[in-house]
Amino acid sequence: MPDLDNCTWALDSHAPAYFSTAFGRRPKVLELVRRFVSDFHDRVVLSAMPSRRRSSPRASQLSMAAHELLENALVYGGPDGGSHFSIAIDPDPEDPANRYLVCIKTRNRADSQQRAVVCQRLHALSEAEDPAAYYIELMTASARRPDGSGLGLARVRVEAQMDLSCVVDGDELEVVARARIPREPGGRG
Amino acid sequence: MSDSNPAIRSVATESLAAEGGAEGDLVEVRLRGSAELGSKATLDEFFSDVFAASQGRREVIVDLTQLEYMNSSSLKSLLSWIVRVRDLPEPQRHKIRLLSNPELHWQQRSLHSLVSMCGDVIEVEEREDRG
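Protein chains in written order, with the numbering used here: chain E, 1 to 189; chain A, 190 to 320.
FYI, nobody ran anything at the bench for these hints, they're computed from the structure.
Just to be clear, a hint being listed does not mean it is correct.
Only pairs whose alpha carbons sit at most 25 Å apart, straight line, appear in this in silico DMTMM-like list of lysine to aspartate or glutamate [to be verified]:
| hint | chain 1 | residue 1 | chain 2 | residue 2 |
| --- | --- | --- | --- | --- |
| 1 | E | K28 | A | E292 |
| 2 | A | K284 | E | E137 |
| 3 | A | K229 | E | D90 |
| 4 | A | K229 | E | E31 |
| 5 | A | K229 | E | E129 |
| 6 | A | K284 | A | E315 |
| 7 | E | K28 | A | D233 |
| 8 | E | K28 | A | E234 |
For clarity, every value in this text was computed on a predicted model and none was experimentally measured.
Model the full structure from these sequences, guided by the hints.
Structural data, given as structure tokens:
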């Protein structure tokens with residue numbers, strides 16, 4: 001994971017800030033990505049030097065989303081499969097003066113069962129009238145199930161407040177999380 | 190209070206430490222670090238110990254003030270223990286108090302979700318990091 005001070009991105013407020021990389025299956029990666037996403041947000045949106053102590057509330061939401069999506073990609077991508085991760089924070093095309101559009105993507109090889117499960121879960125989430133109530137339903141069911149939690153995507157939707165979609169491309173699965181966030185007073189631009 | 194309740198075994202992984210003990214009618218446990226990929230099995234065993242040690246006690250206090258992050262699998266482990274307690278017959282059921290750190294924003298959201306589901310047995314109390 002690169003040091004933020006050595007990353008380059010445009011400091012013009014109307015230019016995109018983008019970072020992309022690929023990982024093997026190493027649990028430590030998740031902590032690094034969480035920290036990176038938090039710092040990336042605070043640096044780009046708040047123009048704040050990253051704090052080693054605590055992240056901002058929004059940065060915490062984004063780093064949670066990044067963690068959950070990348071963990072899925074690492075787990076289901078298999079031991080040999082690389083997992084791709086990217087985050088972009090762009091001026092929102094619909095309201096560039098006041099908002100950013102954040103886009104987090106993961107991409108990994110996935111078998112047909114995993115592709116079907118993810119697409120089904122995202123469809124159910126998108127159809128839910130009240131995603132928070134649906135999340136509680138999932139938690140209730142998950143608590144009594146011995147195997148995997150099945151909560152990660154719903155957690156991203158509800159707790160990180162991001163919209164989710166997926167794209168199946170051959171044997172690869174791309175999951176995309178998007179959120180519109182306000183420009184902060186004193187931030188870039 | 191029976192002194193024959195089993196002990197809570199401390200656990201420590203590269204990213205996570207959990208420990209606890211009972212005194213009188215209270216059980217106190219503390220999680221520190223980060224509950225990440227691979228932590229679920231560790232936490233399942235830990236909360237199984239907590240469940241056994243808390244039989245007949247009045248309250249279990251779970252200190253999360255130094256828990257930097259908890260992934261969804263680990264959250265499920267915590268949730269499963271809470272539901273197990275809630276499923277106990279009323280006379281055997283104890284309260285669960287979660288101590289949260291307001292500076293760790295994930296806790297506000299995730300613990301709120303737990304309260305929405307199990308508010309009859311848990312309460313959340315904000316505390317500063319107790320170092």
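Hint-by-hint comparison with the structure:
no. : hint             : result
1   : K28/E to E292/A  : holds (23 Å)
2   : K284/A to E137/E : holds (22 Å)
3   : K229/A to D90/E  : violated (36 Å)
4   : K229/A to E31/E  : holds (16 Å)
5   : K229/A to E129/E : violated (31 Å)
6   : K284/A to E315/A : holds (16 Å)
7   : K28/E to D233/A  : holds (21 Å)
8   : K28/E to E234/A  : holds (22 Å)
Figure legend: structure checked against the earlier numbered hints; hints not met, in rising order: 3 and 5.
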